[in-house]
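S.K.: Read off the chains here:
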Amino acid sequence: MRPILTATDVTKRYPGPRGAEPRTVLDRVSLTVERGEMVVVVGPSGSGKSTLLQCSSGLDTVDAGSVHVDGVDLAGLRPEAAARFRRSTIGFVFQSYNLVGSLTAAENVALALRLATGRADRRTVREALAAVGLADEGARRPGELSGGQQQRVALARTLATRPALVFADEPTGALDTEAGARVLDLLRGYASGDTSVVMVTHDLEAAARGDRVVVLRDGAVHGELVAPTTADVLAAVAAAREAGR
Amino acid sequence: MIARLIVTDLVAGWRTWLGAFVVLVLSGVVALVCAGDVSTASAMGDTEQAAALANHAKIYAGMNAPVVIGGVAVLVGFVVRSQRTRHALWQFAGLTPRLVAAVVLGQVATVALLTLGVAALVVVPFLDLLLNGLSGPVRSDPDVALVTVTLAPGPVAVAALVHIGTAVVSAAVAARRAARTPALHAVRAPADETTRPGVARLVVALLLGLGATAMYAAYLLGDQGLSSMFAIVFVAAAACAAPWLVAPLLRAWTALVPARSRTTWFLARRAALHSVSRSQASVTLVTVAAALGAFTGSIGLWNDPRMFFQGLALFGVPVAVVLVTAVMTVFMTAPERRRETAALVVAGVTWRSAALAAGLEGLISVVTAGVLALVLALPSTVSPFVGQVPLDAVRPLPWVLLIGAVLLVSASVAPVLTARRHTLVAELRVPA
Chain A
180 MRPILTATDV TKRYPGPRGA EPRTVLDRVS LTVERGEMVV VVGPSGSGKS TLLQCSSGLD
240 TVDAGSVHVD GVDLAGLRPE AAARFRRSTI GFVFQSYNLV GSLTAAENVA LALRLATGRA
300 DRRTVREALA AVGLADEGAR RPGELSGGQQ QRVALARTLA TRPALVFADE PTGALDTEAG
360 ARVLDLLRGY ASGDTSVVMV THDLEAAARG DRVVVLRDGA VHGELVAPTT ADVLAAVAAA
420 REAGR
Chain B
1498 MIARLIVTDL VAGWRTWLGA FVVLVLSGVV ALVCAGDVST ASAMGDTEQA AALANHAKIY
1558 AGMNAPVVIG GVAVLVGFVV RSQRTRHALW QFAGLTPRLV AAVVLGQVAT VALLTLGVAA
1618 LVVVPFLDLL LNGLSGPVRS DPDVALVTVT LAPGPVAVAA LVHIGTAVVS AAVAARRAAR
1678 TPALHAVRAP ADETTRPGVA RLVVALLLGL GATAMYAAYL LGDQGLSSMF AIVFVAAAAC
1738 AAPWLVAPLL RAWTALVPAR SRTTWFLARR AALHSVSRSQ ASVTLVTVAA ALGAFTGSIG
1798 LWNDPRMFFQ GLALFGVPVA VVLVTAVMTV FMTAPERRRE TAALVVAGVT WRSAALAAGL
1858 EGLISVVTAG VLALVLALPS TVSPFVGQVP LDAVRPLPWV LLIGAVLLVS ASVAPVLTAR
1918 RHTLVAELRV PA
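Sequence lines, in order, name chains A and B.
Mapping of the first sequence onto my numbering: residues 180 to 424, in sequence order.
Mapping of the second sequence onto my numbering: residues 1498 to 1929, in sequence order.
Hints may contain errors.
To be verified - If you anchor each label on the Cβ, the simulated ranges turn out as follows:
1. 364(A) x 1759(B): 34 to 40 Å
2. 251(A) x 1509(B): 37 to 43 Å
3. 252(A) x 1752(B): 42 to 48 Å
4. 1621(B) x 224(A): 58 to 64 Å
5. 1614(B) x 255(A): 48 to 54 Å
6. 224(A) x 1614(B): 43 to 49 Å
7. 1895(B) x 306(A): 45 to 51 Å
8. 225(A) x 1752(B): 49 to 55 Å
9. 224(A) x 1589(B): 21 to 27 Å
10. 264(A) x 1505(B): 42 to 48 Å
11. 1630(B) x 323(A): 54 to 60 Å
12. 225(A) x 1512(B): 28 to 34 Å
13. 1509(B) x 323(A): 30 to 36 Å
14. 1508(B) x 225(A): 26 to 32 Å
Keep in mind the hints are simulated off the structure, nothing from the lab.
Backbone N, C-alpha and C fix where the C-beta goes; we use that ideal spot for every residue, glycine too.
Here chain A stands alone, though its shape is the one from the complex:
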């Protein structure tokens, strides 16, 4: 079976200050994610973790290289087609939640369901919220929920549509330990069978929950660990930091 994500030689540059050379944030990075796999990307601040996730998910464009999700070249999609493809195949969980503020928690989930499957009955929405422990909070708007609750609504919204690939950018970054653990459990449980997760995190304990950990440094892959322990991840990141000095 073909991988769900194949990013090949991805290069991303951002414009520098006036007159300066563009800054290369990703330099020919390649990443492959198999179906049912949870891949975690770690690295020091500024190593290009979030940019890799954004480019791999089509949220941002690449300057060179290619990204294929489920065999589809993201660069070849026009904006409308990209939106349709995302809704059916890709899910996102952000550190800043990005829920639709004018909709209640239940409506946020229902909207994604309706767009992805054409229907959103109350039972399915309630089950999706119950799965993240928020069955009774469906009528509340994002602004009325805590950070941990908003993140779980975002997760319910994403997982309810059963996308083949979920991208999570620092999903526990703004949460307390308990809420963070709950979110991680849900993501870990989702990566099985045909569904996969790519997660970017600073939290090395969270990283150790992945099937595979990719370590980035200065916009390039510095190493890769399979089924690592927290100590393995800690050592790999420390080595990456050391190499960068």
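Dock chain B against chain A, hints included.
M.R.: Just chain B now, with coordinates in the frame of chain A:
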């Protein structure tokens, strides 16, 4: 240091101030037109013509001042609300609440001064058009010489003081609110827009409503004096009562559309209801514009083609001020709309649907305004005087609403089209 803060903050947030800038330019034109009337009148030998010009200044100021004050108050209120986080940071930096208010008022005064300069560039040709061009078709004696427009330093100085004073007074409530913003709350909830209307506003709305009803009763009994201005007082009452009228009306009529309708309608309705402060501002302003249009119809301004240009000269600026203010309230929320659009697209909404939802949100505001304006125009369709056609008051409504719809829908859709040109990552981070 405070002067530096006023200027640098204005420069950094110029997009936020653009709406207030545009309306203040129109306000400056109004003030300078009055100054031009007075200057030109003093330079004239003909006392009858001079008196007519002085009268023109009074009518022009009387028609425009309430609208300009309202427009500036609405837009500066928007600016202040959208800069809550910035004001909180000032407080963290050590500015006292009184100083925060002073800086906001300083910014308003600076913008008012700049806009006066822009207005000064256009006022002479505009006044020439008003006094010579547009009055041509109704001039009783075609042999009367054309008026030479002059601007004397004295009246201009008074106009400048009135213009800047009006802007500062209109901004006083918003500046006081900026000073009272709890810093920590503003940082935690930068988008919090909910402000409860005060009891004083309710009392004023009720008094205006009662006054308008009394004037209407006197009008129906045959009084042709001040009572015939009842429609304007009804409009003022409705504008004051907007916080209690707009949201329930919007909720009620949009609920009539079947619940199982398209996703775009669902999104548009929820956005309009959720962002009540921006919907309320645009609905109220389009209502006022349409009701002003209805008033011009009720006094028969559009029945005589020769009167058309004079009507346009007298009522064109207030209607333009109101419509521009309505568009600016939408334009100024563009960053918020761009973030919302990106969040919708990430959730699976296509760009086309997002644009359609934004357009529908604009239309929802216009239809709500249309319903209110129609209700406000209805009393004017009953006239005790011979020769007035009952439907005159309603005839201008579709035109004003059509212009309002084109402007509001364009302003609502533009941020979606802008967002589409950028990456989603960039749009999710668009600063306020």
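S.K.: Taking the hints in turn, state whether each one holds.
M.R.: Hints and how they fare:
About 37 Å separates the C-beta atoms of residue 364(A) and residue 1759(B), a value consistent with the hinted range of 34 to 40 Å. A beta carbon spacing of about 42 Å between residue 251(A) and residue 1509(B) agrees with the range 37 to 43 Å that was offered as a hint. At roughly 45 Å, the beta carbons of residue 252(A) and residue 1752(B) sit within the given window of 42 to 48 Å. Taking the beta carbon of each, residue 1621(B) and residue 224(A) are about 60 Å apart, inside 58 to 64 Å as hinted.
At about 52 Å, the beta-carbon gap between residue 1614(B) and residue 255(A) stays in the expected band of 48 to 54 Å. Remark: the range hint 43 to 49 Å for residue 224(A) to residue 1614(B) is upheld by a beta-carbon distance near 47 Å. Checked against the given bound of 45 to 51 Å, the beta carbons of residue 1895(B) and residue 306(A), roughly 49 Å apart, stay inside it. Judged by the Cβ atoms, the range 49 to 55 Å given for residue 225(A) and residue 1752(B) holds: they are separated by roughly 51 Å.
The hinted window of 21 to 27 Å between residue 224(A) and residue 1589(B) holds, with their beta carbons roughly 25 Å apart. A beta carbon spacing of about 44 Å between residue 264(A) and residue 1505(B) agrees with the range 42 to 48 Å that was offered as a hint. A hinted range of 54 to 60 Å for the beta carbons of residue 1630(B) and residue 323(A) is consistent with their spacing of about 57 Å. One distance hint, 28 to 34 Å for the beta-carbon pair residue 225(A) and residue 1512(B), holds here, with the actual separation near 29 Å.
For the hinted restraint 30 to 36 Å between residue 1509(B) and residue 323(A), the CB-CB distance of approximately 32 Å keeps it satisfied. Between residue 1508(B) and residue 225(A) the beta carbon distance is about 30 Å. The supplied range of 26 to 32 Å therefore holds.
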